[in-house]
Amino acid sequence: MSGQDWKDVDLTLVSGHPVAFRQALYQSYYVDRPYVPVDIVGRLMPKTDQGAVAATVPPPPPAPAPASRARDQRGPDGRVMPYLGAPTAEDELRRQTVAAPAEQVAAQEALTQVSFHFPNPVSVGNGLTLSVPIINGEAPVKRQALFQPETHPRHPLASVRLENNGSTGLPPGVVTIYERNGGQVAYVGDARLSALPVGENRLLSYALDQKVVVETESARTETLVRGSIAQGVLRYEAMQRQTMIYRVKAPAKEDRQLLVETPRLDGWTLTRPVTPNIGQVGGKYRIPFDLKGGETQTFEVVQEKVVQQTLALIDGSEDRIAYFAKAAAFDQKTRDALSRIVQLQGAVKAAEKKAEQGEAQRTRIAQEQQRIRDNLKSVPANSDLQRRYLATLDRQETELEALAKQRADAEKAVDAARAALQAFIATLG
Numbered sequence: 001m002s003g004q005d006w007k008d009v010d011l012t013l014v015s016g017h018p019v020a021f022r023q024a025l026y027q028s029y030y031v032d033r034p035y036v037p038v039d040i041v042g043r044l045m046p047k048t049d050q051g052a053v054a055a056t057v058p059p060p061p062p063a064p065a066p067a068s069r070a071r072d073q074r075g076p077d078g079r080v081m082p083y084l085g086a087p088t089a090e091d092e093l094r095r096q097t098v099a100a101p102a103e104q105v106a107a108q109e110a111l112t113q114v115s116f117h118f119p120n121p122v123s124v125g126n127g128l129t130l131s132v133p134i135i136n137g138e139a140p141v142k143r144q145a146l147f148q149p150e151t152h153p154r155h156p157l158a159s160v161r162l163e164n165n166g167s168t169g170l171p172p173g174v175v176t177i178y179e180r181n182g183g184q185v186a187y188v189g190d191a192r193l194s195a196l197p198v199g200e201n202r203l204l205s206y207a208l209d210q211k212v213v214v215e216t217e218s219a220r221t222e223t224l225v226r227g228s229i230a231q232g233v234l235r236y237e238a239m240q241r242q243t244m245i246y247r248v249k250a251p252a253k254e255d256r257q258l259l260v261e262t263p264r265l266d267g268w269t270l271t272r273p274v275t276p277n278i279g280q281v282g283g284k285y286r287i288p289f290d291l292k293g294g295e296t297q298t299f300e301v302v303q304e305k306v307v308q309q310t311l312a313l314i315d316g317s318e319d320r321i322a323y324f325a326k327a328a329a330f331d332q333k334t335r336d337a338l339s340r341i342v343q344l345q346g347a348v349k350a351a352e353k354k355a356e357q358g359e360a361q362r363t364r365i366a367q368e369q370q371r372i373r374d375n376l377k378s379v380p381a382n383s384d385l386q387r388r389y390l391a392t393l394d395r396q397e398t399e400l401e402a403l404a405k406q407r408a409d410a411e412k413a414v415d416a417a418r419a420a421l422q423a424f425i426a427t428l429g
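Quick note, the sequence shown lines up with residues 1 to 429 if you use the UniProt record's numbering.
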């Protein structure tokens, strides 16, 4: 980039993320048409892990920690290589190493960046490139499978958890993963590493684990918890429960530790599973489950939330109040009061129905009278048909007088039933 050869250059590489700008003020700019690519099968692109924080969940009963031991493995040509042999109970924690350099690069960590100073001068010809190692060391890794439904809906990502137990932070970049199997070393994928401070860890996802199959299902329920009546209002609490069900089929002869990312509902509490190893990544929980080779297991993730609601009893429907009257979570006094309200609402409904029937009959007679009056205009005077129509009108008028009295009585009955309902509700609380 300098246009000159480098000879005995004192080289320091800096890894950081400062805010810096550059603008080409005299450059011409053009608005291009959007490019629409040809649809092909897309490549898998896992998200870069930025680290997780511990979730606040009830602690589980203490259990003995499984025994483990670390192995050292070397990668070809001095490249970083996490060991990914067949996992066992003793092999949960692997180690990655490369051949130690003759002279170590001096690493120095500042507040916002890490610098690497090379011990010897660097020389490279103009137009050529040079790759130099900055870190050669050991770091523990653990094999895991990460299920992200938005990345793939049925298979998790084959991953390794890299822990930085060194003395300086690691810069971000691309990590090449190798697997040793039966004495042979094979390339298995690449992963993206975000900046990794000392003492933290990152999950490196490098391939799709098609040996593991995951099926998901969700369900939401609501259960009444308690309720009381005051000033004609039913105040009750309900437990809302959101359940995510994961049915997982493990490989025939391989165990796995599966990490499931599930949405974290704002204002809800994670109640199942109960384990101290749950992390939070953005707006999601990251929950571990142990898979046994050849088995199909079902795991549930449950989040709960207690909501407080109110219902004005005078406006509540008969069906809804009847539902609350049968709630076992309410005390007997509250249930009895609600049952009485249902009875009084039934009385109001019956009175209103009777009044509606009388009004419907009156409307029917009025329509019939209008038809007869229209027919009278076209029949001869003093004819038998005229006398018949007039007799019918006389009889209907008598019926209308009786219906008018019944209507008044029905309206009084409706008012009395409503008054009884209001009076009873007013006595509650």
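Keep in mind the hints are simulated off the structure, nothing from the lab. Any given hint could be a false lead.
[Stated by the list, open to error] Taking lysine-lysine pairs in the DSS-like style, the calculated list, with each CA pair at most 25 Å apart, reads:
id, residue 1, residue 2
1, K211, K253
2, K353, K412
3, K249, K305
4, K142, K326
5, K412, K349
6, K292, K354
7, K142, K253
8, K211, K249
9, K211, K142
10, K349, K47
11, K142, K249
12, K292, K249
13, K354, K305
14, K349, K326
15, K284, K305
16, K47, K142
17, K47, K211
18, K326, K211
19, K292, K142
20, K349, K292
Since we're looking at a predicted model, the values are computed, not measured.
25 Å Cα cutoff - pair K142, K249: Within the cut-off at roughly 21 Å; holds.
Between K211 and K253, is the straight-line Cα distance small enough, at 25 Å or below? holds, 10 Å
So if I understand the rule, the pair passes when the alpha-carbon distance is 25 Å or less; does K211 with K249 pass? holds, 8 Å
Going straight from one Cα to the other, do K142 and K253 come out at no more than 25 Å? OK: K142 and K253 at ~19 Å, within 25 Å.
Is the straight-line distance between the alpha-carbon of K349 and that of K326 25 Å or less? holds, 21 Å
Starting from K292, check that the Cα of K142 is at most 25 Å away, please. With a Cα-Cα distance of about 17 Å, the restraint between K292 and K142 holds, given a limit of 25 Å.
Between the alpha carbons of K284 and K305, is the straight-line distance 25 Å or under? Since the Cα atoms of K284 and K305 sit roughly 17 Å apart, the hinted pair holds (cutoff 25 Å).
Between K349 and K292, is the straight-line Cα distance small enough, at 25 Å or below? Status violated; Cα separation ~61 Å.
Given pair status - K211, K326, alpha carbons within 25 Å: Violated, at about 49 Å.
Against the 25 Å threshold, does the CA-CA distance of K412 and K349 hold or violate the hint? Given pair K412, K349 holds - Cα atoms ~14 Å apart, limit 25 Å.
Holds or violated: K47 with K142, Cα cutoff 25 Å? At roughly 18 Å apart (the allowed maximum being 25 Å), K142 and K47 satisfy the hint.
Sort out whether K47 lies within 25 Å of K349, counting only the CA atoms. violated, 60 Å
Checked against the numbered hints above, the structure violates hints 3, 4, 6, 10, 13, 18 and 20; every other hint is satisfied.
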